Amino acid sequence: EAGVTQFPSHSVIEKGQTVTLRCDPISGHDNLYWYRRVMGKEIKFLLHFVKESKQDESGMPNNRFLAERTGGTYSTLKVQPAELEDSGVYFCASSQNWRGAGNEQFFGPGTRLTVL
Amino acid sequence: EDKVVQSPLSLVVHEGDTVTLNCSYEVTNFRSLLWYKQEKKAPTFLFMLTSSGIEKKSGRLSSILDKKELFSILNITATQTGDSAIYLCAVSPSYDKVIFGPGTSLSVIP
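Heads up: the protein sequence lines correspond to chains A and B, in order. Each residue of the first sequence is one higher than the one before, counting from 1 in our numbering. Each residue of the second sequence is one higher than the one before, counting from 117 in our numbering.
The hints are simulated quantities; they were obtained by calculation from the structure and are not laboratory data. Given the structure is predicted, the values throughout are model-derived calculations rather than measurements. For each residue, glycine too, the CB sits at the ideal point set by N, CA and C. Take the hints with a grain of salt, since some may be wrong.
Said to hold, decoys possible - Subject to a maximum C-alpha distance of 25 Å in a straight line, what follows is the list of computed BS3-like cross-link-like pairs (lysine-lysine):
id, chain 1, residue 1, chain 2, residue 2
1, A, Lys78, B, Lys157
2, A, Lys41, B, Lys153
3, B, Lys119, A, Lys44
4, A, Lys44, A, Lys15
5, B, Lys119, A, Lys54
6, B, Lys153, B, Lys119
7, B, Lys172, B, Lys183
8, B, Lys172, B, Lys153
9, B, Lys173, B, Lys156
10, B, Lys184, B, Lys119
11, B, Lys184, B, Lys172
12, B, Lys119, B, Lys157
13, B, Lys173, B, Lys184
14, B, Lys119, B, Lys183
15, B, Lys173, B, Lys183
16, A, Lys44, B, Lys183
17, A, Lys78, A, Lys41
18, B, Lys157, A, Lys44
19, B, Lys119, A, Lys41
20, B, Lys153, A, Lys44
21, A, Lys41, B, Lys156
22, B, Lys173, B, Lys153
23, A, Lys44, B, Lys156
24, B, Lys157, A, Lys41
Stated by the list, open to error - Here are some of the chain B residues that sit facing chain A, going by a computed Cβ distance under 7 Å:
id, residue
25, Lys157
26, Ala158
27, Lys213
28, Gly217
29, Pro218
Work out the full structure: start from the sequences and follow the hints.
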């Protein structure tokens, strides 16, 4: 079974440009999460989709970040315009459980974003 | 603010040693505590703990949770070079959110 995949694996852009990150969750997983790890800090939650609906986007840093999950399959995270402090590794994770006790999230390999 | 703290942040040991990684947390609500191993890319799931005092075990790795003292430990016995990784502790305060600690970077040298 294919795991969570993310594209691209690494992106280098200039400040002010736009970048779109993509995540393909494990097939059949309704829950999709975006996380970010900036240099020297812990992984931080950004937002959570259940199917195509945003369940919690409290971790999104500001309105330069837009996440979508049209059709409830893959998700995109767009940063526009990118700033230097947006550099980091963006992880996507997916899980199957909804409100059960389990919360095992399967992580993708991450996209390393470098803003120059 | 919900917080997860791990110690040590970095550890270097020799093959065959036993290590104990610590995780403490402060959260307004607790559902589960998770341990992940991160090598080059994606964090991979190790354990999920929800009840105090029940040890979870997988090969040379084991973990236990103390919900009264708000901490967990991850033990690795007879370490091997393949155990070198960042070990992430995370707490899930709700079904849709996971709060990560900074991780412990473990290096096992031959």
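Against the structure, the hints come out as follows:
1. Restraint check for A/Lys78 and B/Lys157: the C-alpha separation of about 21 Å stays at or below 25 Å, so the hint holds.
2. Only pairs whose Cα atoms come within 25 Å are accepted, and A/Lys41 paired with B/Lys153 is accepted, the gap being roughly 17 Å.
3. This hinted pair checks out: B/Lys119 and A/Lys44 have alpha carbons roughly 11 Å apart, not beyond 25 Å.
4. Straight-line distance between C-alpha atoms of A/Lys44 and A/Lys15 comes to about 22 Å, which keeps the hinted pair within the 25 Å bound.
5. Under the criterion of a C-alpha separation no larger than 25 Å, the hint pairing B/Lys119 with A/Lys54 is consistent with the structure, at around 24 Å.
6. Simply put, B/Lys153 and B/Lys119 have alpha-carbon atoms about 19 Å apart, close enough for the 25 Å limit, and the pair holds.
7. Distance restraint check for B/Lys172 and B/Lys183: the Cα-Cα separation of roughly 15 Å lies within the 25 Å cut-off, and the hinted pair is therefore satisfied.
8. Straight-line distance between C-alpha atoms of B/Lys172 and B/Lys153 comes to about 15 Å, which keeps the hinted pair within the 25 Å bound.
9. Restraint check for B/Lys173 and B/Lys156: satisfied, since their Cα atoms lie roughly 24 Å apart, inside the 25 Å limit.
10. For the suggested pair B/Lys184 and B/Lys119, the alpha carbons sit about 16 Å apart, so the restraint of at most 25 Å is met.
11. The straight-line distance between the Cα atoms of B/Lys184 and B/Lys172 is roughly 18 Å, inside the 25 Å bound, and the hint therefore holds.
12. Between B/Lys119 and B/Lys157, the direct Cα distance comes to roughly 24 Å. Compliance with the 25 Å bound is thereby established for this hinted pair.
13. Only pairs whose Cα atoms come within 25 Å are accepted, and B/Lys173 paired with B/Lys184 is accepted, the gap being roughly 21 Å.
14. Restraint check for B/Lys119 and B/Lys183: satisfied, since their Cα atoms lie roughly 15 Å apart, inside the 25 Å limit.
15. The hinted pair formed by B/Lys173 and B/Lys183 meets the criterion: a straight-line CA distance of about 18 Å does not exceed 25 Å.
16. Between A/Lys44 and B/Lys183, the direct Cα distance comes to roughly 23 Å. Compliance with the 25 Å bound is thereby established for this hinted pair.
17. With a CA separation close to 22 Å, the supplied pair A/Lys78 and A/Lys41 stays within the 25 Å bound.
18. About 16 Å separates the Cα atoms of B/Lys157 and A/Lys44, which keeps this hinted pair within 25 Å; it holds.
19. The hinted pair formed by B/Lys119 and A/Lys41 meets the criterion: a straight-line CA distance of about 13 Å does not exceed 25 Å.
20. Proposed proximity of B/Lys153 and A/Lys44 is supported: the alpha carbons are some 16 Å apart, at most 25 Å.
21. A hinted pair counts as satisfied when its Cα atoms are at most 25 Å apart, and A/Lys41 with B/Lys156 qualifies at roughly 17 Å.
22. Under the criterion of a C-alpha separation no larger than 25 Å, the hint pairing B/Lys173 with B/Lys153 is consistent with the structure, at around 15 Å.
23. For a cut-off of 25 Å, the pair hint linking A/Lys44 to B/Lys156 stands: about 18 Å separates their Cα positions.
24. Pair hint B/Lys157 plus A/Lys41 holds up; C-alpha atoms about 16 Å apart against a cutoff of 25 Å.
25. Annotation: interface hint on B/Lys157 holds; nearest CB of chain A at approximately 4 Å, less than 7 Å.
26. Because the closest C-beta pair between B/Ala158 and chain A is about 4 Å apart, less than 7 Å, the hint holds.
27. Taking 7 Å as the C-beta cut-off, the interface hint given for B/Lys213 holds, the closest approach to chain A being about 5 Å.
28. This hint holds: B/Gly217 has a C-beta 6 Å from the nearest C-beta of chain A, less than the 7 Å allowed.
29. With a least beta-carbon distance of about 5 Å to chain A, the hint placing B/Pro218 at the interface is held under the 7 Å criterion.
Comparing the model with each earlier hint shows no violations; every hint is respected.
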